[in-house]
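There are 2 protein chains.
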Amino acid sequence: MALIVQKYGGTSVATIERIEQVARKVISARARGDSVVVVVSAMSGETDRLLGLARQIASRPDAREVDVLISTGEQVTIALLAMTLQKLGCPARSYTGAQIPIVTDAAFGKARIAQIDPARMQADLAAGRVVVAAGFQGVDADGNITTLGRGGSDTTGVALAAALGADECQIFTDVDGVYTADPRIVPTARRLDHVTFEEMLELASLGAKVLQIRSVEFAGKYNVPLRVLSTFQDGPGTLITYEEQQVEEVIISGIAHNRDEAQITVSGIADQPGVAYRVLGPVADANIEVDMIVQNVARDGTTDLTFTVHRNDHERALEILRAGQAELNAREITGDAGIAKVSVVGVGMRSHAGVAARMFAVLATEGINIRMISTSEIKISVVVSEKYMELAVRALHEAFGLDQKPNAH
Amino acid sequence: MALIVQKYGGTSVATIERIEQVARKVISARARGDSVVVVVSAMSGETDRLLGLARQIASRPDAREVDVLISTGEQVTIALLAMTLQKLGCPARSYTGAQIPIVTDAAFGKARIAQIDPARMQADLAAGRVVVAAGFQGVDADGNITTLGRGGSDTTGVALAAALGADECQIFTDVDGVYTADPRIVPTARRLDHVTFEEMLELASLGAKVLQIRSVEFAGKYNVPLRVLSTFQDGPGTLITYEEQQVEEVIISGIAHNRDEAQITVSGIADQPGVAYRVLGPVADANIEVDMIVQNVARDGTTDLTFTVHRNDHERALEILRAGQAELNAREITGDAGIAKVSVVGVGMRSHAGVAARMFAVLATEGINIRMISTSEIKISVVVSEKYMELAVRALHEAFGLDQKPNAH
Chain P
1 MALIVQKYGG
11 TSVATIERIE
21 QVARKVISAR
31 ARGDSVVVVV
41 SAMSGETDRL
51 LGLARQIASR
61 PDAREVDVLI
71 STGEQVTIAL
81 LAMTLQKLGC
91 PARSYTGAQI
101 PIVTDAAFGK
111 ARIAQIDPAR
121 MQADLAAGRV
131 VVAAGFQGVD
141 ADGNITTLGR
151 GGSDTTGVAL
161 AAALGADECQ
171 IFTDVDGVYT
181 ADPRIVPTAR
191 RLDHVTFEEM
201 LELASLGAKV
211 LQIRSVEFAG
221 KYNVPLRVLS
231 TFQDGPGTLI
241 TYEEQQVEEV
251 IISGIAHNRD
261 EAQITVSGIA
271 DQPGVAYRVL
281 GPVADANIEV
291 DMIVQNVARD
301 GTTDLTFTVH
311 RNDHERALEI
321 LRAGQAELNA
331 REITGDAGIA
341 KVSVVGVGMR
351 SHAGVAARMF
361 AVLATEGINI
371 RMISTSEIKI
381 SVVVSEKYME
391 LAVRALHEAF
401 GLDQKPNAH
Chain X
1001 MALIVQKYGG
1011 TSVATIERIE
1021 QVARKVISAR
1031 ARGDSVVVVV
1041 SAMSGETDRL
1051 LGLARQIASR
1061 PDAREVDVLI
1071 STGEQVTIAL
1081 LAMTLQKLGC
1091 PARSYTGAQI
1101 PIVTDAAFGK
1111 ARIAQIDPAR
1121 MQADLAAGRV
1131 VVAAGFQGVD
1141 ADGNITTLGR
1151 GGSDTTGVAL
1161 AAALGADECQ
1171 IFTDVDGVYT
1181 ADPRIVPTAR
1191 RLDHVTFEEM
1201 LELASLGAKV
1211 LQIRSVEFAG
1221 KYNVPLRVLS
1231 TFQDGPGTLI
1241 TYEEQQVEEV
1251 IISGIAHNRD
1261 EAQITVSGIA
1271 DQPGVAYRVL
1281 GPVADANIEV
1291 DMIVQNVARD
1301 GTTDLTFTVH
1311 RNDHERALEI
1321 LRAGQAELNA
1331 REITGDAGIA
1341 KVSVVGVGMR
1351 SHAGVAARMF
1361 AVLATEGINI
1371 RMISTSEIKI
1381 SVVVSEKYME
1391 LAVRALHEAF
1401 GLDQKPNAH
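Chains P and X supply the protein sequences, listed in that same order. Under my numbering, think of the first position of the first sequence as 1, with each following residue one higher. Under my numbering, think of the first position of the second sequence as 1001, with each following residue one higher.
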């Protein structure tokens, strides 16, 4: 008999009918002999509705009160799911973050979990009840309600699994696992049975938005086996494990893409210490996150710095930099929102030379110009014109043989 | 500097605009030098929306989970009001029932307050903050969320005022005080400056639904001065005080009416001990509340028992009684939903003979047949055909001189 934590997102609990579907999945797991803790998000649209009310009052409503407000979203869902389980004959009890309790720091809107007391949940499980816990929320040491930030329900699931020593944390989503590429772009994309935590981190940050990055980090830290499954169709999903447990010994596990970014180039700046900070400092001060950063060797004593930001922040970042252009003594500041990032991801590339060369060759064959390159231990990312993105993903998927199930070697 | 508890109902916080109006009233009270604790209900319609979701799941959803669900209604309002106060420059902090804490028994859906710890509120007030508290909810000794039952926010206001030793508990509603009769029926009805707790109890239970009965009882028990005021227009409202403090020494303070009831007569039953219990026991077992009960002296060894129930329960009560008719050995069981109750209320009638006689004379003059009579120390109620209700209220209002401001004697 295993102890399973199941997490269902907002889409999975969007209506009373879907909540019943979730309840039936929980009951199936119990029928297999498992004990179940369920973590749920707010019904989809509810958090935005509540935030809309707050924004009618003030553009920057008080953070403590925003958390009091939006934490009601999950509280509604836990009650509805517990009622549904009971109606179907399954004993269940709901808990808010404060009731469990999930103690966090006092950073309203982006709190981090400090401690979870599993005693109350364990007593319910021992009594044969399903525990229905509100995701995304906690309580600080002074009893104030906190939230973990949007999407934080995944983190709640992993944290509860860690606190309970659960055998598996199952994240139910609207996809049935992690794929070698986006199936909407690559029809032959294949569901992976396993990926490593590290690969998942890269895939998640690169646009395969199946899981929240923080929850994956958290699961890795506490050694919680994570599985991604579909709420709406049966199947084994994708198990996210440590590298040591990897079964498919492949070089490349997937092709990720991201078209949410835009590029900014500051050119003709003096090649001297501190110049990258002088460019990026004001951008960071404005709370704009920078993703890729590329600086090439200087030419004629000047250098060009190129980086990417989220497309929503592009105009603002450009304004900030142009306001400081004279001070930076930059020749030119240019932006381009028509870009996309394409990445090849796989822990196997650590021990296999030539992945980068092969990737660049494939893109060259297709006539796709590479505008930026950035690499990590387990991924190679390139920035290309947005219009070539789909072609690049498909060509790479085929070239690396991802549409065929690999043989273990 | 006084300490005031203000309670605003669902209509007063129905929209963001109205919440701002409430915030401005709170700020006015502070400008007069008062410390303020505000108790709010859910935005009007919200509790019904949430209960509607629960009823989609089960006709009798689990009571514990219903409380988890509907307590979110007030939680949304406290957050929105605290945000609004802060936007207007007034320091404020919101608290759920569990956060204060308002400890109740574990009777979900109809919990009673056991204990309130005022320390947290006092610390906020001392720091110059407005305390915004969720009405209608509490927490039991095990940390489960409870609700006080519908309309229970008035009780929360009174209970917080008692716990804090507040100078006054102000209940803001959509009427500007307690009237001598319903102004929609009697255009000359007059707002009362004062009523006693006992009169208010009778007026509230008789359909002048300005305040929840339990909150009035509670205020009497803890000696909390209560004031009924309008959210939407300025004015002194009506102060509810103990008899000793009564200023207007009048005989009759108001004419109440109620057309929510229906009448049931069980006739021709044996006049023997226990017969009233055998009739009313099964009705009470079905959780149907009985209001007036009249039994006259027996004739020919049999008697008739007549009582009133809420109109919504009329059919069900009739079915229950008819199912047991043979056992009761009753000649006939009849019902009539076309009735209304009209009552004359006033502490002064204790010391003034002839109020009943005068009441019956007025009704006789108008040709209104009296179907049932029931009296208490400070009220006389009659049941008449519904069609005569308005006529009866107007005639009594005039006959007892309620449209004129009385002189103290």
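Treat the hints with care, since some could be wrong.
Said to hold, decoys possible - Sample of chain P residues at the chain X side, in silico, Cβ under 8 Å: (1) T11; (2) A14; (3) I16; (4) L51; (5) A54; (6) E65; (7) I78; (8) A82; (9) Q86; (10) V103; (11) A141; (12) R227; (13) S230; (14) T231; (15) G235; (16) I380.
Unchecked claim - Here are the simulated lysine-lysine pairs, DSS-like style, with alpha carbons at most 25 Å apart: (17) P:K87 with X:K1025; (18) X:K1025 with X:K1110; (19) X:K1025 with P:K110.
Please keep in mind that the hints were generated in silico from the structure rather than gathered at the bench. For every residue, glycine included, the Cβ atom is placed at its ideal position computed from N, Cα and C.
Hints and how they fare:
1. Hint status for T11 (chain P): violated, given a least beta-carbon distance of 17 Å to chain X, over 8 Å.
2. Hint status for A14 (chain P) relative to chain X: violated, with the closest Cβ pair at about 12 Å, above 8 Å.
3. Interface restraint check for I16 (chain P): the shortest CB-CB distance to chain X comes to about 4 Å, inside 8 Å, so the restraint holds.
4. The closest approach between the C-beta of L51 (chain P) and any C-beta of chain X is roughly 11 Å, which is over the 8 Å cut-off, so the hint fails.
5. Taking 8 Å as the C-beta cut-off, the interface hint given for A54 (chain P) holds, the closest approach to chain X being about 6 Å.
6. Taking 8 Å as the C-beta contact cut-off toward chain X, the hint placing E65 (chain P) at the interface holds, the least distance being around 4 Å.
7. At its closest, the beta carbon of I78 (chain P) sits 7 Å from a beta carbon of chain X; the interface hint therefore holds under the 8 Å criterion.
8. For the restraint placing A82 (chain P) at the interface with chain X, the shortest Cβ-Cβ distance is roughly 5 Å, inside the 8 Å limit, so the hint holds.
9. Given the 8 Å rule on beta carbons, the hint for Q86 (chain P) holds: about 5 Å separates it from the nearest Cβ of chain X.
10. Because the smallest distance between the Cβ of V103 (chain P) and any Cβ of chain X comes to about 14 Å, over 8 Å, the interface hint for this residue is violated.
11. Among the interface hints, the one on A141 (chain P) is violated; its C-beta lies about 13 Å from the nearest C-beta in chain X, farther than the 8 Å criterion.
12. Checking R227 (chain P) against chain X by beta carbon gives a least distance of about 28 Å; that is not within 8 Å, so the hint is violated.
13. Interface hint at S230 (chain P): violated, since its Cβ lies 23 Å from the closest Cβ of chain X, which is beyond the 8 Å cut-off.
14. For T231 (chain P), the shortest C-beta to C-beta distance to chain X is roughly 18 Å, which exceeds 8 Å, and the interface hint is violated.
15. The beta carbon of G235 (chain P) is not positioned within 8 Å of any beta carbon in chain X (closest approach about 28 Å), and the interface hint is therefore violated.
16. About 46 Å separates the beta-carbon of I380 (chain P) from the nearest beta-carbon of chain X, more than 8 Å, and the hint is not met.
17. Between K87 (chain P) and K1025 (chain X) the CA atoms are separated by roughly 45 Å; this puts the pair beyond 25 Å, and the hint is violated.
18. The straight-line distance between the Cα atoms of K1025 (chain X) and K1110 (chain X) is roughly 30 Å, outside the 25 Å bound, and the hint therefore fails.
19. Simply put, K1025 (chain X) and K110 (chain P) have alpha-carbon atoms about 33 Å apart, too far for the 25 Å limit, and the pair is violated.
In summary, the numbered hints that this structure violates are 1, 2, 4, 10, 11, 12, 13, 14, 15, 16, 17, 18, 19.
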